[in-house]
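J.: If you want the building blocks of each chain, they are given just below.
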Amino acid sequence: MTSATQSAQPGHPVRPAPAVLPTLHRPVPAWGGFSLRLFALEVRRLLRNRRTVILMVVMPVALYFIASSSVGGDQDAGHGNVAAYILISMGVYGAMLATTSAEAMVAVERSRGWTRQLRLTPLTPVAYILLKACCAVVLGALSVTAVYLAGAVSGGPQMAGYLWPLTAGIALAGSLVFAALGLFLGYLLPSENVMQFLGLGVAAMAFLGGLFYPIPAGSTLDLVASFTPLYGLGHLVHAPLTGDPVQAVWVLNVLVWFAIFVLGAVWRFRADTARG
Amino acid sequence: MNTTTAPAPGRQTTGSDLLAVALTGATKTFGRTAAVRGVDLHVRPGEVVALLGPNGAGKTTTLDMILGLGTPTTGEVSLYGMPPRTAVARGLVAAVLQSGGLLPDLTVKEMVTYTACLFARTRPVAEVLQRAGITGIADRKVGKCSGGEQQRLRFAMALLADPALLVLDEPTTGMDVDGRRRFWQSIRADGDEGRTVLFATHYLEEADVYADRIVLMARGLVVADGTTAEVKALASGRTVRATVPGGLPTADLHRLGDLSGVDEVEVRGESVLVHTADSDAVARYLLDATTARDLEITARALEDAFVSLTAAPEPSTTPEGSDR
Chain A
0 MTSATQSAQP GHPVRPAPAV LPTLHRPVPA WGGFSLRLFA LEVRRLLRNR RTVILMVVMP
60 VALYFIASSS VGGDQDAGHG NVAAYILISM GVYGAMLATT SAEAMVAVER SRGWTRQLRL
120 TPLTPVAYIL LKACCAVVLG ALSVTAVYLA GAVSGGPQMA GYLWPLTAGI ALAGSLVFAA
180 LGLFLGYLLP SENVMQFLGL GVAAMAFLGG LFYPIPAGST LDLVASFTPL YGLGHLVHAP
240 LTGDPVQAVW VLNVLVWFAI FVLGAVWRFR ADTARG
Chain B
0 MNTTTAPAPG RQTTGSDLLA VALTGATKTF GRTAAVRGVD LHVRPGEVVA LLGPNGAGKT
60 TTLDMILGLG TPTTGEVSLY GMPPRTAVAR GLVAAVLQSG GLLPDLTVKE MVTYTACLFA
120 RTRPVAEVLQ RAGITGIADR KVGKCSGGEQ QRLRFAMALL ADPALLVLDE PTTGMDVDGR
180 RRFWQSIRAD GDEGRTVLFA THYLEEADVY ADRIVLMARG LVVADGTTAE VKALASGRTV
240 RATVPGGLPT ADLHRLGDLS GVDEVEVRGE SVLVHTADSD AVARYLLDAT TARDLEITAR
300 ALEDAFVSLT AAPEPSTTPE GSDR
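Chains as they are written, first to last, in numbering that gives the first Met the number 0: chain A, 0 to 275; chain B, 0 to 323.
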């Protein structure tokens, strides 16, 4: 019994030598596998998720109309009216929803073994993150555009012409902070929890960032809110309209939270790829 | 072990000169659990190797190390002389994993197209769909495909890069007999081109029919490695069983053990069990030279060999390895 058990006999010339010898010098894709074609396919895939699209387009547009009609948007708000102020708020809210939910899809991809499957392709981790970041920008831009377009068509918001692209640009750039948050949570939480968590989290952050209701400056709530992730962006994005001087603490708030989310995402991403 | 041979003069270095898989002294520990406890696995280009073993033998962990999905705790892996990640990036290695790795909201064709655009150079999408036998369901949503269809889709995705080495991890788990047969047919048709194939399975029949060589694993170790015929030979012996009133005298016990072909003699009370390649000699001896009666001769099935090889007593105190 023992005689044959341990005898290792590798390599038996059972099959003829391969007819076509595989060359070992094969090309590796440029950009670690990132390509415009891949980008286009990925965006199309994300847009196919109807729940995401409704969430990031319909929600902020609807909220804009509800808020502007109940408040009365014609009052003065610096270089424009209150309706413009609300429009900017909803632009930020939409962009933030779009980027977080686009990135948090990573949780679903992880649970389906897709991220693991990608490791059997030439796509590098850096290229994958780049792909995700580009998708976040596209989806964020789509959401901001939808909100601003709805606002422009309704005719409610009034502000100087240059303020439209400027505030939209700040909203979009700032929403990258939340793309990093989405990625962090996508790698941190199991897929079944991540969307619920995000829905609540985004709403809470939006409230504390003054997007739904302006928080009186100097109040206790304002002090608490100043430590939350949307506080800095919420003020920065409205500053061109209201004419308020930009405060260093807003910029600091944005940078610190961005650093925290990026470091968190890198930490979880490393743990995820080192697993197994 | 037979390893690298020097390339013939004037010939370009190709895959045939290097081992497709060289896994040396590999161990893998998850926390306090040792899943793989020292495996050497060398596969030459063109071989079709079955990694056979029960659940928890360490097959999946071994394949994960080969694919670069997991780094060995100790030991070395190289594929065609390169680290796994490099071989994967060049499209030299592809795998069909047991489950997952698909996007259910895409169609079959979209899934393959998506995968194709991750590689520098691939075979046409239509061609791999046809080879995997899923052209007919190209427009079906991945989530609506049966387990067997999804497995053939994974196979199509693996074929895209035209890999030199194809790794399959229990590819037919959960398929019915017909699905299994059809899946292996597509692999077979493809394998005629000299692709190196390494597959894990716990179906003896699959290993027997489709592999040139069987590597049998149990408890994180390789317990047998040889051609299909050699591994089957482990099971080709017979068991001779007889009752000896009063028990078999020690002298007879020794003489039985010395008979050619005998590899194990077991005494249980008045019963004696002899595992042998030459049952005639044992039967003749027992009936002629001893008081044995009620003699029975039974053939050992491959299953028995499998069970006896893989269910050997645990030699150390290390906890049983899991399959992950």
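A portion of the hints provided could be inaccurate.
To be clear about the criterion: a stretch of chain A counts as covered by chain B if any three or more of its residues have a C-beta under 8 Å from a C-beta of chain B, and this derived list gives those stretches [as the list claims (entries may be wrong)]:
#1 27-36
#2 42-48
#3 103-116
#4 119-128
If you are wondering where the hints come from, they were derived from the structure by calculation, not from laboratory data.
Owing to the predicted nature of the structure, the values given are computational and were not obtained by experimental measurement.
Just so you know, even glycine gets a beta-carbon here, dropped at the ideal spot from N, CA and C.
J.: With a Cβ-Cβ cutoff of 8 Å, does the region 27-36 of chain A contain at least three residues near chain B?
T.: holds (count 6)
J.: Please count how many residues of the region 119-128 of chain A have a CB within 8 Å of a CB from chain B and say whether that reaches 3.
T.: holds (count 5)
J.: Test coverage of the region 103-116 of chain A by chain B using CB-CB distances below 8 Å; three residues minimum.
T.: With 6 residues close enough to chain B, the hint holds.
J.: Take the region 42-48 of chain A, compare each residue's beta carbon with every beta carbon of chain B, and decide whether three or more fall closer than 8 Å.
T.: Answer holds; 3 residues pass the 8 Å Cβ test.
Every hint from the earlier list agrees with this structure, and none is contradicted.
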